[in-house]
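Line by line, the protein sequences are chains A, B, C and D.
Heads up: the first sequence begins at 1 in UniProt numbering, then just goes up one per residue.
Heads up: the second sequence begins at 1 in UniProt numbering, then just goes up one per residue.
Heads up: the third sequence begins at 1 in UniProt numbering, then just goes up one per residue.
Heads up: the fourth sequence begins at 1 in UniProt numbering, then just goes up one per residue.
Don't take every hint at face value.
Copies of one chain are not kept apart here, so a pair can be met inside one copy or by any two copies together.
Stated by the list, open to error - Pairs of lysine-lysine residues, derived as BS3-like cross-links and limited to a Cα-Cα distance of at most 27 Å, are as follows:
id, residue 1, residue 2
1, Lys231, Lys155
2, Lys210, Lys193
3, Lys41, Lys132
4, Lys231, Lys193
5, Lys78, Lys133
6, Lys132, Lys112
7, Lys210, Lys237
By construction, these hints were calculated from the structure, which means they are not laboratory data.
Please read all numbers here as calculations on a predicted model, not as lab measurements.
There are 4 protein chains.
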Amino acid sequence: MIKAAVVGASGYIGGELVRLLAMHPEVEITAITSRRYAGKKVHKVHPNLRGLNLRFTNDYNFDADVIFLAVPHGESMKIIDEFLGSAKIIDLSADFRVSLDLYKRYYGEHVKPELIDEFVYGLPEIHREEIKKAELIANPGCNATAVILALYPFKGDVSEAIVDLKVSSSAGGRRENVASIHPERSHVVRVYKAFHHRHEAEVIQETNVKAQFTVHSVDLVRGLLATIYFKMETSEKDLYKMFFRYLKEPFIRIVKEKGGIQRLPDPKYVIGSNFVDIGFAYDEENQRVILFSALDNLIKGGAGQAVQNMNIAFGLDETLGLSYLPVYPI
Amino acid sequence: MIKAAVVGASGYIGGELVRLLAMHPEVEITAITSRRYAGKKVHKVHPNLRGLNLRFTNDYNFDADVIFLAVPHGESMKIIDEFLGSAKIIDLSADFRVSLDLYKRYYGEHVKPELIDEFVYGLPEIHREEIKKAELIANPGCNATAVILALYPFKGDVSEAIVDLKVSSSAGGRRENVASIHPERSHVVRVYKAFHHRHEAEVIQETNVKAQFTVHSVDLVRGLLATIYFKMETSEKDLYKMFFRYLKEPFIRIVKEKGGIQRLPDPKYVIGSNFVDIGFAYDEENQRVILFSALDNLIKGGAGQAVQNMNIAFGLDETLGLSYLPVYPI
Amino acid sequence: MIKAAVVGASGYIGGELVRLLAMHPEVEITAITSRRYAGKKVHKVHPNLRGLNLRFTNDYNFDADVIFLAVPHGESMKIIDEFLGSAKIIDLSADFRVSLDLYKRYYGEHVKPELIDEFVYGLPEIHREEIKKAELIANPGCNATAVILALYPFKGDVSEAIVDLKVSSSAGGRRENVASIHPERSHVVRVYKAFHHRHEAEVIQETNVKAQFTVHSVDLVRGLLATIYFKMETSEKDLYKMFFRYLKEPFIRIVKEKGGIQRLPDPKYVIGSNFVDIGFAYDEENQRVILFSALDNLIKGGAGQAVQNMNIAFGLDETLGLSYLPVYPI
Amino acid sequence: MIKAAVVGASGYIGGELVRLLAMHPEVEITAITSRRYAGKKVHKVHPNLRGLNLRFTNDYNFDADVIFLAVPHGESMKIIDEFLGSAKIIDLSADFRVSLDLYKRYYGEHVKPELIDEFVYGLPEIHREEIKKAELIANPGCNATAVILALYPFKGDVSEAIVDLKVSSSAGGRRENVASIHPERSHVVRVYKAFHHRHEAEVIQETNVKAQFTVHSVDLVRGLLATIYFKMETSEKDLYKMFFRYLKEPFIRIVKEKGGIQRLPDPKYVIGSNFVDIGFAYDEENQRVILFSALDNLIKGGAGQAVQNMNIAFGLDETLGLSYLPVYPI
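Bound conformation, chain A alone (with noise of 0.2 Å):
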């Protein structure tokens, strides 16, 4: 067994990450960490895992094989010596994803960016050699994963992109703010950020493909699909080929079909799911790509893609304890 510790586990993360932890049948969890919630059971910040016998603590001498550290964007480079060394780190925050100089340009300063070449980016579909070998290891952002996986096969071929996100209000994480309460944040459509968006950094750094975000909050809890739109001559079929990399992989689905229902990925699909579904559409007027991408943002776009992560470190078959088939409907 694989003694696994999560460190901030009282965000949605850090929750999600110990509801698969506690199913997965390779692992014991020996510590989550909350300074808040210190002390309280596990249910009064999860109510879903009522009945796990475990408490928060803000004790962190802790006996573990894998940390996780699901503490807040920033936080991760202040406490990060106090594990060093002493077990895998897998780390969910943005501070060791990208390289010191785009971590300037979209974050600003880095406290410890001697460290940042020592992690190895977390997309196994794309390093998962590296993976395999890698004591540190930064797990990608959500927004980030869906639009990697989408672009990666046209790396080379695609130099910008035009990214429409619809995300949901977990991504937002558990904190309380006016513009985040039910009446506030239901039925809306709201502009997060025009352009700019902080999670470019990771796309341009995998696909070398300058990608321009612009992020709308929709009313989902969970959940997010990203529009990709590029100029590109081809065909519906050499777009189809061109995901054929993906067809071994445990958790990509191209969506592609013919007659009937016409689907194309939805987030409503992929829920409770490590799965990320991609879809494609060629506009031959005008010569366009329209690439679309969707994933549950706190599976495989946070703990779900943390813990395949894990097994590929241990050297455990990638699915173990995520083969789970979405709920539908939901």
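Use these hints to put chains B, C and D onto chain A, whose structure you have.
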């Protein structure tokens, strides 16, 4: 033109007052106050009101014929001295709705007990004549309005009733709070209070029925439904007759129909209007009456009723500035 | 491996059965039937199941150890002869749940009355021993499951109860209907049936309590909450003790806590799981008990309970393929 | 008083017309037609309108000064002969909005081509003078209204634009359809059409911009947001100036603000009103303009704009019966 001021205009009831008063043909808004947002334009808080040339102030030296107090419960009694005598006051808090005895039992200590008897309980369908002459009006609560209007015809015949309420998030006000953020508050059927709810006090006072409230928060931004159960030997026909008293009420719709699509009151059918829809069913086998009462909590359950009270108190047509048909579907 | 067939697999309960059975470690799905979609891949109807290599068939000549009938009410009794004797049958319709007397009173004529007594009522927490030996199992309704499990400890002590139900749209099935389209069905608190609801029959049979259902459709896709009211002299402590009988039940969670965030059962906390959460409150002033019972209508209220019954009837660990923690937030 | 008839009054646009006309101070409704509901009271279909003394008829021999055709696309051209010459006609279908060439390309065959040129395109902000004299008015589509008003200032300067639309369920009409039922349609981000959307035709005609629509259904009952992307060298200041032309428009609000809470157009802020909110951002790094345009699809995108056209065509104040502030929060 009636000069109107809204004290505490940054909450949802306050915003709805501003909206209704701005459209009222006989009203001129002379001040909207907010400590937190003083100096800001109204649309910074209420984005629907973009285009209205109003700013929040924290100066109480305004010129007004009527002052609406839309401050939190417990605040009105602290600040009311500033306004007494200068204008008619319509208080939307719970501070002056019930007798001192009931107040102490359901709320606690009162700092202005001598004023309680000076207030008229502003439920026009019951107290219209007193409202005409009132200087001080206590505007009823949203839950109480729905339940009192449904139960009033049974006053004297019924001694207790079970009241199962389904309420919306706007009733909780515009306050940051982790339990209220969208991921936590969406898709709930959350028991807000299993029993001994404060709004029972108004029902007891107005109907002599010991109403026993259980309040459930559901996934609505606006509206509420009260389902009311009590034992009684009667018939559907006799029940119908008991509601004849409301036939001339401009804002009560009795929902009764046979054949085809059978509808009972639903908050969805009254949103955006000052209507309360009341329906009923008789369970002959168990000799039970079931009443259903639906309204928009911010209008008939708040700002709309306050404007209705203003119209009456100033001798205007009671429906002036309130004849909006509900927006549907929504 | 148990060979399982799902007859009527295109509805929501059918789809959920396929989902759960496909993930079950001891089950092999040998057939999924649908007249309307025969020949189509499963994901044409259930888009979450993309990737499963299954097609609908309308051929009943399949090889199965257990047959799940997930057809509409009234259909099971018409087609059951085709399957009798060939396999264990778990019927998810209402056709064989209650005695002929109750059936006639609540539903009408029965075309297979001689079979009713052959069926075991498949509520494991009450009939586990009979289910172990059963060939024919009638899977309980979703509303009935919630209410029976809450009321069962009071069997003999309580004669009638008011049951106010809040239910979701998936309970209405996958059928086109103007009243069910999104613009009409969103944001409702719609009284589906004021009284005399069919699901009362199961409650009467199992608990001897004359439960009086009033069913409200709320804006949920999954989940239900039953709020149950009855008069009784007791105490909160004694109420708690009455639920001790459930302490070893793997799928019942008794919700009881003091201090901090007070939570009562909410469907939001059980979605995606086979749990039923039961809570209670005692209103001493009015000598009233209030029970709260929440579950996922497609799992513990349908497909999950059917798999639980299968596990028991085939001598497997009762929780096999069902130990999913609820997905939250959702 | 203007005598008004609504042909096809049982749909959502028809219901909204009845609601607005019933509140209009200069209108008397003389007929509302529906084949399916002839003889029924209006509230059997539109439950918000309970209390209005109107019944559906299937008799076209009514007395009217203005006739609103709110029938499905393709129907208007089949029935229009019945009404020609008897009254001003405002057609809310797509039948007479675009030139024959565009119609053939985007829709197909037209059975009344000789009438197309007789119609004025009823977008008051662009065609006010022609509408004043018009007998036949083609009311714009909801998506087209949002996009044209945003793009019109760029006419001549921009040749193509990517248009990512987020639309609500009421735009799909009041029709039964499995894909539209609440369990299927809730919580989606469903690509309704990847490209080549019919509403592009109106945009091309009015702005000469080759708008490339991708339409996403989101979990809204009302409202839509268009996000529009195109390349252009400009500045935020110059963009602002381009919208000055709209400063005197009563129903356009330009959303531009600095500091504090930054808001951009959101359908949530216009529901229940005839406003269209337009905002913009300039991405200097990529020399891209991003426009945002939000409206209530049943009001400014349908019935409200039709009433605005009626007001203009009958010489009334353009805002009469339309000065409703948006309902918020909702």
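Now the hints, each set against the structure:
In this homomeric assembly, Lys231 and Lys155 come within 27 Å of each other (Cα to Cα) both inside a single copy, at 14 Å, and across copies, at 23 Å. Proximity of Lys210 to Lys193 under the C-alpha cut-off of 27 Å is found in both arrangements, the shortest distances being 17 Å within a copy and 26 Å between copies. Neither within a single protomer nor between protomers do Lys41 and Lys132 lie at most 27 Å apart by alpha-carbon distance, with minima of 34 Å and 36 Å respectively. With identical chains, the CA atoms of Lys231 and Lys193 are at most 27 Å apart both within one copy (24 Å) and between copies (18 Å).
Taking identical chains as interchangeable, the C-alpha atoms of Lys78 and Lys133 lie at most 27 Å apart only when both belong to the same chain, with a minimum of 25 Å there against 61 Å between chains. With identical chains, the CA atoms of Lys132 and Lys112 are at most 27 Å apart within one copy only, with a shortest distance of 24 Å there and 61 Å across copies. For the homomeric pair Lys210 and Lys237, the shortest alpha-carbon distances inside one copy (25 Å) and between copies (25 Å) are both at most 27 Å.
Violated hint for the displayed structure: number 3, the only one.
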